[in-house]
Amino acid sequence: MNNNIIILPIIIPMITAVLLIFFNKQEKVQKYLSAVSSVINIGISVFLVHYVHTNGIISLEVGDWKAPFGIVLVADMYAILLVLTANIIVFACLLFSYKIVDYNRSKFFYYSGVMFLLTGVSGAFLTGDLFNLFVFYEVMLMSSYFLIVHGNSKPQLRETIKYILVNVISSALFVISVAFLYAVTGTLNMADLSLRVAELGSSGIIAAISIMYLIVFGLKGAIFPLFFWMPGSYQAPPAAVTALFGALLTKVGVYSITRVFTLIFLQDIAFTHTFIAWLAVLTIIFGVIGAISFSDIKQIVIYNILTGVGVILFGVSTMTESGLEGSVYYMIHDMIIKGLLFLLVGIVFSITGTTNLDKFSGLIKKYPTLGWMFFIAALALAGIPPLSGFIGKLKIVQGGFEQGEFVLAFAVLLSSLLVLYSVMKIFINGFWGEEKIPQVRETSQVKSLYVPAAFLLALSLFYGLGTEFISSYIKQAEQVLLSPDLYIEAVLKE
Amino acid sequence: MEIVTSIVAGILFMTATYLMLSKSLLRIIIGTGLLSHGAHLLILTMGGLKKGTVPLLDEHAASYVDPLPQALILTAIVISFGVTAFFLVLAYRSYQELGTDDMDQLRGNDQK
Numbered sequence: 001m002n003n004n005i006i007i008l009p010i011i012i013p014m015i016t017a018v019l020l021i022f023f024n025k026q027e028k029v030q031k032y033l034s035a036v037s038s039v040i041n042i043g044i045s046v047f048l049v050h051y052v053h054t055n056g057i058i059s060l061e062v063g064d065w066k067a068p069f070g071i072v073l074v075a076d077m078y079a080i081l082l083v084l085t086a087n088i089i090v091f092a093c094l095l096f097s098y099k100i101v102d103y104n105r106s107k108f109f110y111y112s113g114v115m116f117l118l119t120g121v122s123g124a125f126l127t128g129d130l131f132n133l134f135v136f137y138e139v140m141l142m143s144s145y146f147l148i149v150h151g152n153s154k155p156q157l158r159e160t161i162k163y164i165l166v167n168v169i170s171s172a173l174f175v176i177s178v179a180f181l182y183a184v185t186g187t188l189n190m191a192d193l194s195l196r197v198a199e200l201g202s203s204g205i206i207a208a209i210s211i212m213y214l215i216v217f218g219l220k221g222a223i224f225p226l227f228f229w230m231p232g233s234y235q236a237p238p239a240a241v242t243a244l245f246g247a248l249l250t251k252v253g254v255y256s257i258t259r260v261f262t263l264i265f266l267q268d269i270a271f272t273h274t275f276i277a278w279l280a281v282l283t284i285i286f287g288v289i290g291a292i293s294f295s296d297i298k299q300i301v302i303y304n305i306l307t308g309v310g311v312i313l314f315g316v317s318t319m320t321e322s323g324l325e326g327s328v329y330y331m332i333h334d335m336i337i338k339g340l341l342f343l344l345v346g347i348v349f350s351i352t353g354t355t356n357l358d359k360f361s362g363l364i365k366k367y368p369t370l371g372w373m374f375f376i377a378a379l380a381l382a383g384i385p386p387l388s389g390f391i392g393k394l395k396i397v398q399g400g401f402e403q404g405e406f407v408l409a410f411a412v413l414l415s416s417l418l419v420l421y422s423v424m425k426i427f428i429n430g431f432w433g434e435e436k437i438p439q440v441r442e443t444s445q446v447k448s449l450y451v452p453a454a455f456l457l458a459l460s461l462f463y464g465l466g467t468e469f470i471s472s473y474i475k476q477a478e479q480v481l482l483s484p485d486l487y488i489e490a491v492l493k494e
Numbered sequence: 001m002e003i004v005t006s007i008v009a010g011i012l013f014m015t016a017t018y019l020m021l022s023k024s025l026l027r028i029i030i031g032t033g034l035l036s037h038g039a040h041l042l043i044l045t046m047g048g049l050k051k052g053t054v055p056l057l058d059e060h061a062a063s064y065v066d067p068l069p070q071a072l073i074l075t076a077i078v079i080s081f082g083v084t085a086f087f088l089v090l091a092y093r094s095y096q097e098l099g100t101d102d103m104d105q106l107r108g109n110d111q112k
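Protein chains in written order, with the working numbering: chain H, 1 to 494; chain U, 1 to 112.
Fair warning: there could be bad hints in the mix.
As the list claims (entries may be wrong) - In silico DSS-like cross-links for lysine-lysine, where the CA-CA straight-line distance does not exceed 25 Å:
(1) H:Lys107 x H:Lys31
(2) U:Lys23 x H:Lys154
(3) H:Lys99 x H:Lys31
(4) U:Lys23 x H:Lys162
(5) H:Lys162 x H:Lys99
(6) H:Lys447 x H:Lys359
Stated by the list, open to error - Some chain H residues near chain U, calculated using beta-carbon distances under 7 Å:
(7) Tyr51
(8) Glu138
(9) Gly151
(10) Lys154
(11) Gly362
(12) Ile364
(13) Lys365
In short, the hints are calculated from the structure, not lab data.
For every residue, glycine included, the Cβ atom is placed at its ideal position computed from N, Cα and C.
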């Protein structure tokens, strides 16, 4: 069996990014090349999802170094589904960027940055080696530094300094945690780590190291109390970039927490996972408080990222079948819906020139499509039944009840109402009411921006209505999370 | 030996923390550099020092130093080098645009 195909989702964006550097002056080449590569990538990811569905987990020993010693790339269902979703989001953001990123910005390697970001994200999902995960994190972060400052406006420069500082510190912590874990176990392969940590049994040092990992990944994933950097940093760049960040970067952090705490640190679930559950609920609470208190639509959506992260983590922390299944459902839903919401915010910004709710209202009369798209997206975000957020939240809360965490599960449920309120506030104040639009742009110009948003919205609707169709894929992803032996067997081939 | 290097790493972390808590951007960047030096030294220590020979594997080598931490450090050094370079350019560029390197004035509480 030839497993080399696993490396393609990582290597195709990388080669594209390098090629794009050479063609930085030709805008057409930039657009076509990135679009074609993105479509090819989606095709390969779909094939991989199908392949993993029929053949089980596949792993590739890079450079033919045998499993516990060399770096392995592992495509289990969860990882490959997220790679597919990430590629779709990038495709939508590229379509959006084609319309709003002008030549002055694209000639300074904007599209290369996006492709390098995709390289890092796909790599972080697919790698089965802890240090390699760090390397892919750095690839991803380096491109995110580049994209967040791209455009050179004053707020961007100011916020990038803080963003880099936070991430440099968390990278140093990552290296330190890797060093500690290596000193204790003598391996960095995740499957091998799982075995060796299990042999060590429940010990204080492993618990301490696991919390260090929680801090490192929590900083990237923006969980309570480590989310302080996010609202400022995500506010600064333009909408297409924020959509990428909101949909992909924080989710990589959450994915890593999920992976590490369902595969490696399983010795002291009563302590670590209860701790994660509390942090998750606090994250949700702070997220909704932020979302309700701001009247800037971008900030409202940014704080809703926090809520999403909290809900996913709560599902993971239950460690029950339905909780984990729900977290997989909700993760993919959240990536799509956050990408969509940021794109819609971007459209509103390009119509009105502001994201402050006090400065515009009554958009729906002139832009009915935008209004209804936003309405459906808002309902999906809150998890209203036929739409995509429902099934995930249902399963997560069910998992919480099964574990007897009634208070926390109710907090998750109640948060849905507040999330709904926070986005309905945008709808009522921004789209209804007296027509007041500060800077009207040509409607024809805005229309082409609808395409990527409509694409994501259709996907979200399909995800919600076609749950039956995807449930077998999600089930497979959840099984690997629930029984790490499957993962270990596939990697070490005992 | 491991104890001594651990303490040195600790001193590096301490100095880095002190520098990063200051207001000047340049000091903060030097702080991040020291922080990553501390982390790299820690990896080296964690692999075990003074095993007596080079990290080369022979089929029948009686003793050897673990080569993996060295590979990790090499990677981590290159990455932190790149990030530091980027950070320095960014600091210079924002000094040009914003006219200050004082973190107090870079808070951004005001609306733009």
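Hint-by-hint comparison with the structure:
1. H:Lys107 x H:Lys31: Roughly 11 Å separates the two Cα atoms, so the pair holds.
2. U:Lys23 x H:Lys154: holds, 19 Å
3. H:Lys99 x H:Lys31: Answer holds: H:Lys99 to H:Lys31 is near 10 Å, not above 25 Å.
4. U:Lys23 x H:Lys162: Judged against 25 Å, a Cα distance of about 12 Å means the pair holds.
5. H:Lys162 x H:Lys99: violated, 29 Å
6. H:Lys447 x H:Lys359: holds, 22 Å
7. Tyr51: Constraint on H:Tyr51 not satisfied, violated at 31 Å.
8. Glu138: Since the shortest Cβ distance to chain U is 5 Å, the answer is holds.
9. Gly151: Violated, about 12 Å.
10. Lys154: For H:Lys154, the interface hint holds, since the closest Cβ of chain U sits about 6 Å away, which is under 7 Å.
11. Gly362: Not OK, violated: H:Gly362 not within 7 Å of chain U, min 23 Å.
12. Ile364: Cβ of H:Ile364 sits 27 Å from chain U, so the hint is violated.
13. Lys365: violated, 28 Å
Hint check: violations occur at hints 5, 7, 9, 11, 12 and 13; the rest are consistent with the structure.
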